[in-house]
Amino acid sequence: MLFTFSTACEICEDEDLQESRCKMCGARVCKNCFVESNGLCLNCEEAKCYLCGDYLSSRACNVCGKLVCEDHGTKKDEATICDECRLSDK
Amino acid sequence: MNGTEFHIGLDDIDDPGGRCTTHFASLVVELLSRHSVEWLDYPNLIRLNPGIPFRTRGNGAVALRFKSDSETISTTLPLIEQMIHDYIDETYPNTNPGFVIVENPISTDIQTLSKQALWRTIPIRFVQRLIKRDNLTHFSLGNGRGLVGALSAIGNTLKDDYTFEYLAYRRIDESSVKREVDPESVIEMDRIMGNRVFSNLDDKNRILIEPHGPDPVLYGIRGENASAVIEAATHVKSVQNVERWMVFRTNQATGEHLTNQVRIQDLRPYMAAIVRGHVDKSPRIHEGGFTVFGIKDDTSHIDCAVYEPTRQFRNTVNMLLIGDEVKVHASVRPKSRTHGLTLNLEGLEILHLSPIIKTESPLCPECKKRMKSAGTRKGFKCVNCGYKDPEGTKIETRIERKIDLGLYLPPLSAQRHLTRPLSRIKKNNSGKSFDMVRKWHDP
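Keeping their order, the protein sequence lines are chains A and B.
Position one of the first sequence corresponds to residue 1 (our numbering), numbered consecutively onward.
Position one of the second sequence corresponds to residue 1 (our numbering), numbered consecutively onward.
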C-alpha cells in the first residue's frame, strides 16, 4: 500500500493544521505538535541528541541513559556509550 | 464470569543492565491469577517500530486482557505500582516505565495509535494528551516514555497474523551468569517439532533461542501455536534452572511493521518502510565491512546501507547494478554529520535486473579469429586471413546475472523480531481462532 501524507498533521492527524514545518525532519505538523522555541516537531524535540542538539539520536547511552547522535556516542557490541561518559570513564 | 473486560498495557520496565518487561508481565499475571480474573487471551507481546532510538532492546510492550470486577482492579493496581518501583533499577536514568489500563471497548484512536507505533515515531506528549482526554487510569515514572508502548500494546489485539513465544526465565539474581542452554537439546527439539516452531537454529545449527544480554530471559521458543511451544520447551535443557515461564501471543515474525510503501520524499527519521526504486549508485564496500548503494524514485534519491553481520545478504546486495529495480525493506536512519538520511536494510526484493550486454567484434567465418573494424561504416576485416565483411556489425551478448529476482533477507541471527522469516512466508494465522491451553504460565 503506497503511503502518502494527507493534509493533516503528520503526528496527531489533526485536520486543523495551521502548518508548521519541522526544521529537522521536514514534517508538517499542527501547533500542538510543534515546539515554537526551536522549530522542531515533538518527535524531533524528544529524539534530538542530548549533547549537540543538532542531530537526531541513534541510541541511548547505556551508562547515563541520555539519547545521543552517531557523532556523540561510541558503539561497543550492543552497547552505546556517550562521549560524556566515555571521557569521564564511568 | 460476569465482569468488565480490562486491558493492561506495560512497557519500558527494563534497563540495559537487566530486567525485562515480559518478565515483569509474568509477575503481574501471577498476581492477578491469585485474584478473580478470567483471562481472555494469552499475554500479548507486541513488538513496536524497531528503528526508534528509545528502545532498550527489542522494543516490546505487553498487553494483558482479562475479565474482572472493579474491586479486583482497585485492590491490585496499587500493588502493581509498588511492584514497578521494587522491580526497576531507579539508578539508571533512562528507565521510564508506563502502565495503562483500558476498559472495553478499545477506542478507534487507540487502535490507530497502535498501527502507527509499528512503523512511526510517537511522541510522549501526544500519548499523554490521549490518556488525559479519555481519562485513562495510568502510572508512569521518568519521562513517561513507557506510556507510548503500553497504550500501543493495548490497541493491537492481533487480529491479523500472529505467532506464539514460550519465554523461560531464570532467577533475576542470576541474570549476569552464563545461561548455557544445551545446543544438542535445541537441535533435537527443532528436529522433533518440525515446522510447528521456527527460528531456533541458524544455517550452521547455532542456537538462536538463547539471548546474550544480562536479562532474566533464559530462552525463547517461537511457534505457530501455544501447545507447540510448550511441548518444544520440554525438550530443551540448560545449566541454569527455569524459575518461571509464560506463553505469549505476539506479532513477532509477521512483518507487521513493514506494510507501508513510502516515496523517498515522504520518508521521516526512524520510519519502518518499503521503498521502491531503481539502483542509481553502485554498491560500494566501506571500511568496517558495510556496503552502501543508492536508489532513486520519481521524487528523490537515498543511500541504502547493509552491515557486516548480514554476511550473505550483504554479498547479494554487492551484486546489484545500476538500473536494477528493487523494493528495500528498511528503517530510516537519521542524518548525521557524515551522511544524509539513509535506509538501513532489513530485506531486499529484486523486481527487475538490468541486462549486462557485452559488445564484441564478430568472428571471421574463414579462420574463426576475432575480426577488427575496417573503419567507420566499412564493416570488419580479419587481420589473420584477410577476409573482409563490409556489412558486418558488432555482436551483442547478454551476460547472465549471478542473482535472481525475489526476496532476500539477512540471516536469522540478524533479523528483527518483527521480520517475517522465509520459513513463514507462506504461513498466516490471520483469522484463525486459538484456544487457551489449561496451563500457559508457571507460576
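FYI, nobody ran anything at the bench for these hints, they're computed from the structure.
Just so you know, these numbers come straight off a predicted model, no measurement behind them.
Keep in mind that the hints are not guaranteed to be accurate.
Heads up, simulated PhoX-like pairs for lysine-lysine below, C-alpha to C-alpha not over 25 angstroms straight-line [claimed, not checked]:
1) A:K31 - B:K115
2) B:K296 - A:K76
3) B:K388 - B:K402
4) B:K67 - A:K23
5) B:K296 - B:K67
6) B:K67 - A:K75
7) B:K132 - A:K23
8) A:K75 - B:K237
9) B:K335 - A:K66
10) B:K132 - A:K31
11) B:K132 - A:K76
Computed footprint of chain B on chain A, listed as stretches where at least three residues anywhere in the stretch have a Cβ under 8 angstroms from a Cβ of chain B [stated by the list, open to error]:
12) 1-15
13) 42-51
14) 55-66
15) 69-78
Label pairs and their calculated CB-CB ranges [what the hints assert, rightly or not]:
16) B:I395 - A:R21: 26 to 34 angstroms
17) B:S354 - A:E15: 37 to 45 angstroms
18) B:D134 - A:R21: 26 to 34 angstroms
19) A:D71 - B:S354: 58 to 66 angstroms
20) A:A79 - B:I395: 51 to 59 angstroms
Note that CB positions come from ideal geometry on N, CA and C, so glycine has one too.
Hints and how they fare:
1. A:K31 - B:K115: Between K31 of chain A and K115 of chain B the Cα gap is close to 23 angstroms, so the pair holds against 25 angstroms.
2. B:K296 - A:K76: Distance of about 33 angstroms is beyond 25 angstroms: violated.
3. B:K388 - B:K402: violated (37 angstroms)
4. B:K67 - A:K23: It is violated: about 47 angstroms lies between the C-alpha atoms, which goes past 25 angstroms.
5. B:K296 - B:K67: Violated, at roughly 51 angstroms.
6. B:K67 - A:K75: Violated, because 45 angstroms separates the two Cα atoms, which is more than 25 angstroms.
7. B:K132 - A:K23: violated (29 angstroms)
8. A:K75 - B:K237: With Cα atoms ~33 angstroms apart, K75 of chain A and K237 of chain B exceed 25 angstroms; violated.
9. B:K335 - A:K66: holds (19 angstroms)
10. B:K132 - A:K31: holds (18 angstroms)
11. B:K132 - A:K76: Violated, because 40 angstroms separates the two Cα atoms, which is more than 25 angstroms.
12. 1-15: Since 9 is at least three, the answer is holds.
13. 42-51: This one holds; 6 residues, not fewer than the three required, reach chain B with a Cβ under 8 angstroms.
14. 55-66: It holds, with 11 qualifying residues against the three required.
15. 69-78: holds (count 4)
16. B:I395 - A:R21: 26 to 34 angstroms: violated (56 angstroms)
17. B:S354 - A:E15: 37 to 45 angstroms: holds (44 angstroms)
18. B:D134 - A:R21: 26 to 34 angstroms: Holds: the Cβ-Cβ distance is about 29 angstroms, inside 26 to 34 angstroms.
19. A:D71 - B:S354: 58 to 66 angstroms: For S354 of chain B against D71 of chain A, whose Cβ atoms are near 36 angstroms apart, the range 58 to 66 angstroms is violated.
20. A:A79 - B:I395: 51 to 59 angstroms: holds (58 angstroms)
The structure shown violates the earlier hints numbered 2, 3, 4, 5, 6, 7, 8, 11, 16 and 19.
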